[in-house]
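Student: Heads up: the protein sequence lines correspond to chains A and B, in order. Residue numbers 1 to 289, in the numbering used here, belong to the letters of the first sequence in order. Residue numbers 1001 to 1244, in the numbering used here, belong to the letters of the second sequence in order.
In case anyone wonders, no lab produced these hints; they're calculated from the structure. Bear in mind that the values here come from a model prediction, so they are computed numbers and not experimental data. Hints are supplied without guarantee of correctness; some may be wrong.
[As the list claims (entries may be wrong)] Distance windows between CB atoms, simulated:
#	chain 1	residue 1	chain 2	residue 2	range
1	B	Gly1064	A	His162	35 to 41 Å
2	B	Ala1028	A	Val158	53 to 59 Å
3	A	Glu93	B	Arg1135	31 to 37 Å
4	A	His162	B	Ala1028	36 to 42 Å
5	A	Gly274	B	Ala1028	56 to 62 Å
[As the list claims (entries may be wrong)] Computed footprint of chain A on chain B, listed as stretches where at least three residues anywhere in the stretch have a Cβ under 8 Å from a Cβ of chain A:
#	stretch
6	1030-1043
7	1046-1054
8	1092-1102
The beta-carbon is built from N, C-alpha and C at its ideal position, and this holds for glycine as well.
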Amino acid sequence: MSPTTLAHAIVAGVLLGCFYALMALGFSMIRSVTRALNLTHGDLIILGGYLGYWLWIGSGLHPLFLVPVAAAALLPLALGWQWLFQRLREPKELSSLVLTFGLSLFLQNGMLALWPGEYRLIASEALTASVSLGGLTLNRGRLLVAGLALAAVGSLHVALGHSRWGRAVRATSVDREAAALLGINVDQATQSTFLLAFALSGGVGVLFATLHYLSPSGGAELTLLAIVLTIWSGAGHARSVLGAGILLGVVETLTLLWSGPRWRELIVALMLLGTLLARAGGLVPRRSR
Amino acid sequence: MALLEARGLSMAFGGLQALRGVDIAIEARQVVGLLGPNGSGKTTLFNILSGLLRPTTGEARFDGARLTTLPPWEISRLGIGRTFQIARPFAHSTVWDNVLVGVTFRARRGPRAALERRREVERLLATVGLLDKARATAGELSLGERKRLELAMALSTRPTLLLLDELASGLSPRGREEVMGFYGQLRGEGLTIFAIEHSARVLSRVADRLLVLDQGTVVADGRPEQVLASTRLVEAYLGEDDEP
Chain A
1 MSPTTLAHAI
11 VAGVLLGCFY
21 ALMALGFSMI
31 RSVTRALNLT
41 HGDLIILGGY
51 LGYWLWIGSG
61 LHPLFLVPVA
71 AAALLPLALG
81 WQWLFQRLRE
91 PKELSSLVLT
101 FGLSLFLQNG
111 MLALWPGEYR
121 LIASEALTAS
131 VSLGGLTLNR
141 GRLLVAGLAL
151 AAVGSLHVAL
161 GHSRWGRAVR
171 ATSVDREAAA
181 LLGINVDQAT
191 QSTFLLAFAL
201 SGGVGVLFAT
211 LHYLSPSGGA
221 ELTLLAIVLT
231 IWSGAGHARS
241 VLGAGILLGV
251 VETLTLLWSG
261 PRWRELIVAL
271 MLLGTLLARA
281 GGLVPRRSR
Chain B
1001 MALLEARGLS
1011 MAFGGLQALR
1021 GVDIAIEARQ
1031 VVGLLGPNGS
1041 GKTTLFNILS
1051 GLLRPTTGEA
1061 RFDGARLTTL
1071 PPWEISRLGI
1081 GRTFQIARPF
1091 AHSTVWDNVL
1101 VGVTFRARRG
1111 PRAALERRRE
1121 VERLLATVGL
1131 LDKARATAGE
1141 LSLGERKRLE
1151 LAMALSTRPT
1161 LLLLDELASG
1171 LSPRGREEVM
1181 GFYGQLRGEG
1191 LTIFAIEHSA
1201 RVLSRVADRL
1211 LVLDQGTVVA
1221 DGRPEQVLAS
1231 TRLVEAYLGE
1241 DDEP
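Chain A on its own, in the form it takes in the complex (with noise of 0.2 Å):
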């Protein structure tokens, strides 16, 4: 193997990994938050490619303009989620999964009945072509995706360490009684939290149906995919979930490089397995989150 195709299968990788972890922040948030475990999670971002898709076919508008417009038609679901959610029972993981099982057959059978039939895939001119860089040969559309991904994660990351809002956030997603008695409007921060993470979901997903074929069962393996990436990084600590998501795109594109596709999904249950073994908060030490 050159050393040029082992350079672009790690460049690929990378870019692949700043995407997943775009895609699983908001599962990490609202799973750091409430302690739920939102199995909507990929049907969400497969509903925002619906969205992104019938607006393109309909205006004909560059894809990105239509990532705002996706992620904002997201937000009366966070507060409909939200309240749902505020009602479960203890133990909240266990009944979330029971909650949002439901829900995410709703969903998906909604899908169903608004796009039957055909895969969806925004295919942008504008997306397609590729650019070189340094010697490696890369999509534009990828590259664009990677981009903004790690634009997200940074804004976050300030935004969680360095603003009153991020303290309420961490605060209560750490202890939410003691927040509370520290002054923080806990539910304030829980629905700002939701509406951030639906909004993420909307906004990946017109990204997402640039990238991959849209059908309205693929929302199950984006969920997984938000579960393993969420295990290895802890809940809620973007910088993580980025890590995480390099981690996996990089050792993605390695084991099809080495030994094709059939590899590919052992590779990373084991992985999830050897995590989920040697230390079930995640990767990542605490301290030096």
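Dock chain B against the given chain A, drawing on the hints supplied.
Tutor: Showing chain B alone in chain A's frame:
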């Protein structure tokens, strides 16, 4: 008018009656101790007063405001601070950041706010003797230091009434002496204190009044020497003071 007043507070958890028509009145700048055996309802009472629980019946007022319909963050903003029996600082954050959270949500916003917050955190850490541990994570602290950190966190909300839940319990004799010092210092600063302690002896040294709860009912209320003079009461409800 009393600063804190509760009338007929009752709390039932399913079939368990944790509080039964509790009446209390605490004047401003008083230090009031709350004693009682395990399961007598002390922490339940604190949970109601801090907004973590809604009572089944009855109501509580603080400085005229009705507490029993407010969420904890609004009660905190009214001026009630609270510590827990088992200290609950944010274990993976630094001592500095733990105190900064409360300061941030009580401080005004503006161009000089960051500097004021920094000074306030320094002042609070100096008050509880943790300034030299500011960069340590809360999880690295000893039990006594964690309790002092939680006291600083409660003070960071600028309370006028402090609910202290067993600040001295589990500490060495030296640690308990330090806590006694804090009680005196806070009282000197004009704070009103309502404190649960396991040790009647500890509380009698600092309290103006002692309340005794048993099975969710106030069974004694008076000056410390009156309450502790009742040998039968002490034996029946408080047990032997096992701390040296």
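Student: Run every hint past the structure and note whether it holds.
Tutor: Here is how each hint holds up against the structure:
1. B:Gly1064 with A:His162: 35 to 41 Å: 38 Å, holds
2. B:Ala1028 with A:Val158: 53 to 59 Å: With Cβ atoms ~43 Å apart, the hint is violated.
3. A:Glu93 with B:Arg1135: 31 to 37 Å: Given a distance of about 34 Å, which is inside 31 to 37 Å, the answer is holds.
4. A:His162 with B:Ala1028: 36 to 42 Å: 38 Å, holds
5. A:Gly274 with B:Ala1028: 56 to 62 Å: With Cβ atoms ~60 Å apart, the hint holds.
6. 1030-1043: Result for this restraint: violated, n = 0.
7. 1046-1054: holds (count 3)
8. 1092-1102: Answer holds; 5 residues pass the 8 Å Cβ test.
Hints 2 and 6 from the list above are not met by this structure, while the remaining hints are.
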